[in-house]
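Colleague: Chain by chain, the residues run as shown.
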Amino acid sequence: MKARIKITLKAGVLDPQGKAIEHALGALGFSGIKDVRQGKYIEVTLAETDEAKAQAQVEKMCEELLANMVIENYSFTLEKD
Amino acid sequence: MKARIKITLKAGVLDPQGKAIEHALGALGFSGIKDVRQGKYIEVTLAETDEAKAQAQVEKMCEELLANMVIENYSFTLEKD
Amino acid sequence: MNDTAPFKITDELVAEHGLSGEEYKTLLEILAREPSLTELGIFSVMWSEHCSYKSSRFWLKTLPTTGPQVIQGPGENAGIVDLGDGYACVFKMESHNHPSYIEPYQGAATGVGGIMRDVFTMGARPVANLNALRFGAPDHPKTKHLVSGVVAGIGGYGNCVGVPTVGGEVNFDAGYNNNILVNAMCVGLARTDKIFYSAAKGVGHPVVYVGSKTGRDGIHGATMASAEFDDKSDEKRPTVQVGDPFTEKLLIEACLELMASDAIIAIQDMGAAGLTSSTAEMADKGGVGIALDLDKVPQRETNMTAYEMMLSESQERMLIVLKPGSEHEAETIFRKWDLDFAVIGKTTDTGRMIVTHKGNVEADLPVTVLANSAPMYERPWEATVPPQPILPEWVKAPDNGVLGGLKTLLASHHLASRRWVWEQYDHMVMGDTIVHPGADAAVVRVHGTDKGIAATCDVTPRYVTADPTMGTKQAVVETWRNLTAVGADPLAITDNMNFANPERPPIMGQFVGSCQGIAEACHVLEFPVVSGNVSLYNETNGIGIPPTPAIGAVGLIPDTKYVSDHALKRDGDVLIVIGAENGWLGQTVYQDIFAEKLEGAPPPVDLGDELKAGRLVRSLIREQVTSAVHDVSDGGLLVAIAEMALAGDKGVELFPYEGRQPTHAIWFGEDQGRYVISVQAEDAERILERSRLLDLPARLVARMSGDDALTLTNEGSVPLTELRQVHESWLPELMANP
Amino acid sequence: MLRASVIVFPGSNCDRDVKVALEKSTGFPVNMVWHGDTEVPASDVIVLPGGFSYGDYLRCGAMAAHSPIMRDVVAKAKSGVAVLGICNGFQVLCETGLLPGVLMRNASLKFMCRDVTLRVENADTTFTKCYRKDQVVRIPVAHGDGNYFADSNTLDELEGEDRVVFRYAHSDGTVDKAANPNGSQRNIAGITDASNRIVGLMPHPERLYELPLGGTDGRRMFESALVSMAEAMG
Ligand SMILES: Nc1ncnc2c1ncn2[C@@H]1O[C@H](COP(=O)(O)OP(=O)(O)O)[C@@H](O)[C@H]1O
Ligand SMILES: [Mg+2]
Chain C
1 MKARIKITLK AGVLDPQGKA IEHALGALGF SGIKDVRQGK YIEVTLAETD
51 EAKAQAQVEK MCEELLANMV IENYSFTLEK D
Chain V
1 MKARIKITLK AGVLDPQGKA IEHALGALGF SGIKDVRQGK YIEVTLAETD
51 EAKAQAQVEK MCEELLANMV IENYSFTLEK D
Chain X
1 MNDTAPFKIT DELVAEHGLS GEEYKTLLEI LAREPSLTEL GIFSVMWSEH
51 CSYKSSRFWL KTLPTTGPQV IQGPGENAGI VDLGDGYACV FKMESHNHPS
101 YIEPYQGAAT GVGGIMRDVF TMGARPVANL NALRFGAPDH PKTKHLVSGV
151 VAGIGGYGNC VGVPTVGGEV NFDAGYNNNI LVNAMCVGLA RTDKIFYSAA
201 KGVGHPVVYV GSKTGRDGIH GATMASAEFD DKSDEKRPTV QVGDPFTEKL
251 LIEACLELMA SDAIIAIQDM GAAGLTSSTA EMADKGGVGI ALDLDKVPQR
301 ETNMTAYEMM LSESQERMLI VLKPGSEHEA ETIFRKWDLD FAVIGKTTDT
351 GRMIVTHKGN VEADLPVTVL ANSAPMYERP WEATVPPQPI LPEWVKAPDN
401 GVLGGLKTLL ASHHLASRRW VWEQYDHMVM GDTIVHPGAD AAVVRVHGTD
451 KGIAATCDVT PRYVTADPTM GTKQAVVETW RNLTAVGADP LAITDNMNFA
501 NPERPPIMGQ FVGSCQGIAE ACHVLEFPVV SGNVSLYNET NGIGIPPTPA
551 IGAVGLIPDT KYVSDHALKR DGDVLIVIGA ENGWLGQTVY QDIFAEKLEG
601 APPPVDLGDE LKAGRLVRSL IREQVTSAVH DVSDGGLLVA IAEMALAGDK
651 GVELFPYEGR QPTHAIWFGE DQGRYVISVQ AEDAERILER SRLLDLPARL
701 VARMSGDDAL TLTNEGSVPL TELRQVHESW LPELMANP
Chain F
1 MLRASVIVFP GSNCDRDVKV ALEKSTGFPV NMVWHGDTEV PASDVIVLPG
51 GFSYGDYLRC GAMAAHSPIM RDVVAKAKSG VAVLGICNGF QVLCETGLLP
101 GVLMRNASLK FMCRDVTLRV ENADTTFTKC YRKDQVVRIP VAHGDGNYFA
151 DSNTLDELEG EDRVVFRYAH SDGTVDKAAN PNGSQRNIAG ITDASNRIVG
201 LMPHPERLYE LPLGGTDGRR MFESALVSMA EAMG
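Residue numbers (our numbering), protein chains in the order written: chain C, 1 to 81; chain V, 1 to 81; chain X, 1 to 738; chain F, 1 to 234.
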């Protein structure tokens, strides 16, 4: 199974990278741009074939390592290969 | 409109981060994990309301700034607010 | 590409491999048969300009490379000089120009990684990195993107590995608009009885692969580095190598740990042309054959062919020939550091490199021929005719007065502070940096001792363009002066010869002139070349870069008590300029900014005077008479004094010049062989006398004023804060907007 | 007597620097402890050094926080052993939860290596005893992710409990945005736990422990550890 994980900053957490991108887009002439936020996108291939178990496994990964729950949220989708 | 953009490394390009995450997951006791790849996830809110125009605008942003087209690919979805 | 499918070697295929028809004919004669595709690939990289030095070898052989301090001259991964007491300094500089133009972050990062491997492969722990960077005009649309990517890449790699980046230079010139230069230098520290070489002596020894896995990175990188750009290269975008500094750090630690044991016969990094050139060179130097089983090579991607594995330039990989029986010990160390380890072959008595993959012999080539048959060209050359000198009177005085002129110069792209660059580099990690970036040369302590290593790099391409021989002599001498100014005994240099297409006789003439300049300066200064690198074909659509022979140099500080820097610090001191003042304005920064052109001959170098002045300054430093020393270079005397005042945050009052030359020529001329020293007022007369006895002009030029301004009698005064502001703000402002 | 241990993670690169600075400042030898080990030898002080553990990949300090040795570091910290996290070590302490908050990318998005001036806010911790409160000290920073972030409740709590140890300040001691090199909340450069024994900071005291390096302001942190131990012994 393939897990596609998005890790995003919680609302209210300052995002210096997002801000810099917003600024740079403005300087490049893109107008009407706002609320740029940068997060991470992680793909993981799992040996697990049972969807529920895979779900639990990915949640555990995110909580333990992939996301810092103080500032980040995660969400993911699972896909059979 | 809100664009949700995924930026991933092209196939074959070394991903040191992905490699290290895979290794760390193994050390944490997750088994059967492979092909971990890390990319970026960027959200942008656009003033543009026309879908085709927004599409073109985001493509331009990706090519010009958000993705490093030498080593990265991008994909995105658009969503009306 | 598929190795096993039958194929025909066509003219196009040969041309795609960068071989000329002549060269391919020679190859057929050598082999007495058609090569396999893998063999063609192997030869193409071995015969590339980058690996074979085919255009430059003839002239490089004329450089002085010996001296009592030299432990290893050119020919190994890096050069080595003796520091005494069992310590050796290992160093080299290398270019990563084309990759950095295509992908500035990764190109520069992998350049740093590559040069560090050249150094630690010899048993040295890297202790300092430097970089010489040339970008296009500040307002060229690509410049900022390239500057920010290159600087971030150098910092990203060096900072993570934990080696301080302590020095370098940054230039902007339209001549580099389409061909930037990224030259990285690494300085390492070894014990003289623990130096490792690449000769794989002895038969039946295991050949071991360690580090990262092999992917399809940079295949054809070595030939790309030797091929001229054209407009299509923006789109072509060959497979870029991505660096992994974390793995490099582990690799350094693991290799140094293994080197502490007795297990290694030979070791070599896999640099350009990866497995091919490392195996060929190791086997050739050891006088043995080598058998490789590619099935054993750790691979990152699936279905890799023999061709791809032999040509891959994946980073962070090393090849080691072990003493038999030590495989287990070695494997334990590399596993501990989480690195790949695989025995991929052995040395043989066949004299051949035999490469097998999936049961097929993919290459079977005679080692000596492979390593030594590369063509050597004595390319036709046309010497550059140096322009006539111009008189100082021909260049007008600044409209804004001498102090206004100073401000303009300090804020110019030539002279503005590079702090924005070096603050992105960790220049203090390892805890031994005692002279930081911003000084004439950086100094790092030999860990745990009172010795120091001073390092610097320099070249002034506008001088070299006008007169390759004199300009390159000047570059060598300027590094020598920079080392002297921090109190070091200059030891040796490395060079990075960046030029355009050598197949054009005027370009080849620049190269030849440069080599002659290096040879003369190194010979007189007893300052040999111990390593180097050549980067040719730096041109796009027939427009070449200015000739840029970057010189990297190291010196020894016998006791760090006697380290000097250029910051004024002792109140009540006076400043003396040592060396002749002729007001030379041809090819100067002043001329470029105020006359908006460069003309005339560059300032001449008198090697005899340089020796005298350098020796005098070094003795004064060792006698602890000086409290600050700075050499006079770009921008001339007033710029040098202003830099000293700014570094120490101490005001000075300049004495009016009363000689025959125009004042602005005296303050801004770039006459060579000069130093400014800060000494106590009561010592001044004695020092002036000592200098004159050596036939070296010397003049009292300023005194510490006790305030915080730079004052020139009859001209007025400018606060240091104002000078600092214009000097420090140019680069941050340039880079502030993308 | 001071028994100090420095943890070595793959990618640590100030481990030797801090060992040398500790030994030179206190006169006692320092243990180096491998991240793969499961027990820290008996120590008064454990130091998590600067560097790029695991390349700083994913998030700074995240992977190191899960190293086998960290279980014992956390246990020992909870049982009263003093812990100092410098730069990457501070990031690791936040990732383990021994200290609150997180260190984000510098507001400039650039790595920054230079001297900064700090105001000592809390001179009662194990590592700041030898400073005076409100003293201004000069110590270098070298980081790309030193932008301290915590929610405002946590920040208020830190301030209320006097747990901010250092703030970025001007040389006259004033604290404002211009003195802040990385965008960190309320100019925070270092914090402590409630017991004043677990301290994390972004600046590198080991880089200014002796005059040839340009100053000795950092040395006091190591001397403080020694003094604290002597006091604890009575
Ligand atoms: N790319 C760089 N990396 C690190 N330090 C640099 C770099 N460029 C310039 N510097 C530092 O800035 C100072 C001024 O550089 P430069 O003008 O070339 O000095 P000089 O002319 O005295 O050799 C030197 O200390 C140099 O090491
Ligand atoms: Mg220079």
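Treat the hints with care, since some could be wrong.
As the list claims (entries may be wrong) - Here are the simulated EDC-like cross-link-like pairs (lysine to aspartate or glutamate), alpha carbons at most 20 angstroms apart as the crow flies:
1) F/K76 with F/E39
2) X/K358 with X/E301
3) C/K53 with V/E22
4) V/K6 with C/E22
5) C/K2 with X/E301
Treat the hints as calculated values from the structure; they're not laboratory data.
Note that this is a predicted model, so its numbers are computed, not measured.
Colleague: For each hint given before, does the structure comply? Return the numbers of the non-compliant ones in rising order.
Modeller: The structure breaks none of the hints.
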